[in-house]
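Asks: Residue strings, one per chain:
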Amino acid sequence: MTTAGVSAPVDAAGAVQFLGKESAYWRLRIKGAALVMLTLGLYRFWLATDVRRYLWSNTEIAGDTLEYDGLATELLVGFLYAIAILVPLYTVIAVVTLANTVSLPSVAFGLLFLALVGQYSLYRARRYRLTRTVFRGLRFDQHGSPWSYALRALAWWSLAVLSIGIAYPWVQSNLQRFKMRHTSYGDLAGRFEGSGSLLFLRGLWMWFLVIGPIVVAVGTLSAVTDWDALGDALAHDDDTLGVLAGALLFGPAHRVVLTCLGLSAGIALALYPLFQAMTMRWWVSGLRFDGVSATSHLRTAQVYVLYLRFALFIVLFATVAAVAGTLCIFIIAALLRPGLDSDASEIAATALTVCLYIGTALGISVIYQVAVSYAMWRLTARSVELSGTERLANVRAEGAPSSALGEGLADALGVGGL
Amino acid sequence: MTVSAPALASHFAMPRGPGVYFDGMSSARNDVWIESTETGLRIISVDRLVIATWRFEELRRVASPDGVLRLGRAGDVLLARLEIHDQALIDAIEERADTLDRTGAVERALRRKVVVLSFAAMASLTVTAVFGVPALANRVIPFIPLSVEHKLGNAVDAQIRSALDTHHLGASFECGRGPDEAAGRAALDTLVGRLDVAAALPMSLRVDVIRRPEPNAFALPGGHIYAFEGLIDKAQSPDELAGVLAHEIGHVARRDGTRTVLQTAGLSFLFGMMLGDFVGGGAVVIAAKTVLRSSYSRVVEAAADAYSVDLIGKVGGDAHALGVLLARIVSDSDEGMKILRDHPETKDRISAINAMATSVATAPLLDAASWQALKHVCAPLAAGSTGGQARRQGDGATQNR
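As you go down the protein sequences, you meet chains A and B in turn.
By my numbering, the letter at position 1 of the first sequence is numbered 60, and the numbering carries on one by one without gaps.
By my numbering, the letter at position 255 of the second sequence is numbered 374, and the numbering carries on one by one without gaps.
Rather than coming from a laboratory, the hints here were simulated on the basis of the structure.
The beta-carbon is built from N, C-alpha and C at its ideal position, and this holds for glycine as well.
Misleading hints may appear alongside valid ones.
What the hints assert, rightly or not - Think about it this way: if two alpha-carbon atoms lie no more than 30 Å apart in a straight line, the pair counts; the simulated DSS-like pairs of lysine-lysine are:
hint, chain 1, residue 1, chain 2, residue 2
1, A, 80, B, 232
2, B, 433, B, 494
3, A, 90, A, 80
4, B, 466, B, 433
5, B, 408, B, 232
6, A, 90, B, 408
7, B, 270, B, 408
8, B, 466, B, 353
9, B, 232, A, 90
Claimed, not checked - Partial list, computed: chain B residues near chain A (C-beta under 10 Å):
hint, residue
10, 143
11, 145
12, 146
13, 183
14, 189
15, 199
16, 229
17, 240
18, 401
19, 402
20, 405
Next up, chain A with everything else stripped away, as it sits in the complex:
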């Protein structure tokens, strides 16, 4: 026996491979979803860790696979820390609300602060994941102030909202630049070379197609609306939303307005895979680690196929869920029939309803995780071409692991990612 059989094939040097099997990932996700439901969410830290271990371990770069080195207990401890930080914060909010000293500026300030904490925790969570990512015996690392990132992110995203999405490409390029500038693998410094202007030029036509009908709708609406009558109606009825919805749905030119809005939503849905493929190619192709650079050959058609497959799975699942739901309704009706007037049967009926709902929600979530998230990871990994990989052979160690506090905060605030 020689050692040659172990070494990476020479032709794999510039390639990224994905070795995972979808059937194994289905098992992982289904079992995980069941346990998450059973433990009312506590198992999610173990599931997240298993998922990362699987994805990382099966992603091979230049002949060697990544390794996820994090522990579920670290995520749990991070979550408990986050709770310890958020409990006093929520208590203050509750007391302020109770004392009835809420004003509009203080609400706005509170929301901004929460958004800031959300961005802060996203950055810290990224640091946690990177420092738990090992490749060839060396860690990735992220430095840079999370507060500095959070302030930038808040400013940029505000700009994106104010510009109705026009600023989105620059939001992405600037935030990615900040993140990658502070990312390293051993002594290889990361950077991001994607151009916001390029993304803008590539995506502008999509923006026009989606926003255009909305502009037409708003224009039509403001031209035909009798503003005095509407103002009058608003002044005399507390049901502001009802009046506005009525004006929109039954007012003059409502057909034009609704058609435009429907058109915009339809175009957005149809273009979404294309948009995702485009931004993914742009993002991957902008990643650099010193002399190592990535290029994505992700094809748009592949992303469309991915979503069609997802839609097919959902249709199949919906059929099964409808049959199960009908059965459950019969059982619930039997439990609640007038003669059987006991607390136990009522609790059973409620529990069954809740289980049915959770089962459906978890089913859809599992299908999404496998058919979209996992499939997208696989597609993206396989479409990457690396150049300058010879530099990966002699990187020196640097950096130390970080705490999972950011992940805990992100989890508690509901902004967690993969």
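We have chain A; now place chain B onto it with these hints.
Replies: Below, chain B without anything else, positioned relative to chain A:
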């Protein structure tokens, strides 16, 4: 070097095979030869030099793809890694190194523990929610100044009024303001005055009748009580109305509005923070909170009924009258699922009221003339008014009928 025959034999029996070694200081990939000795692994370079020796007890399995054993060293600051693809060698190492958890039994036991512990956590959460939250609310209430309760009441008042006042009635929202209604208002004040004296509340009481068709009444934190026109219509004696008012005074005296706010906040806190966000978790939280809030509310309502019986007894009224009025209001309405009701079942309420009401009424709480005036505290409306649609208001801080 000479070796003895047995040593040579064990030397040849020694499991060995190829592997890949990363030293943790650089990303350089080293093809190595691995020998599994009695005590650990010997890692030998292509130049036949021993690069490292790892003892079995310090071996740690780290995440790897299928068919690959990836090892690290416990307690090592560097992340030195050893990768083995040779199945025979993997088997041999797993057999000797107990720390590698070959069958995964240790990991499975840990996962089981997580599931069992989370069941225990759920049980303690349930016990805390059912007994702890109401008990804690009772303990906290004395520390909340009446001024805060008053502020809370004012805030809720504004919301409630905007929800209930439909502006379509062509008359003042409150009855008792018009010239035809003054006598009724005076009769109401007499009735409330008698109850107020007997109750001896630490806060001032204010009762208003509002133009709403539903037979209902509710109390706000801080002592403001609203009785609906529909209730006055349904009541056939002053004692019946007094019974409902006394029930609402019970909510005020026991500070139930504040109690409900505290209980709701406690539940949100318990479920919002402890249960993490997982798909479908929202449904569990909403279902659990609804069932628990209803159960708290049933306790609070039963206590207010008891207070009403007591107070009506003190002023010499007929305490049974509350039950009579309740029976009339909900004679044939379906009350829905028991566990979701915020009031105890009416027939249970009535029998509880009757069991508590031991005093004998001497005379009606108002004379016939005053009662007739009170029945007309809401003067008839101008023709054509439709009496706005009833809108449900589900605010946690109000205590209904």
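Asks: What are the numbers of the hints the structure violates, in ascending order?
Replies: Every hint satisfied by this model.
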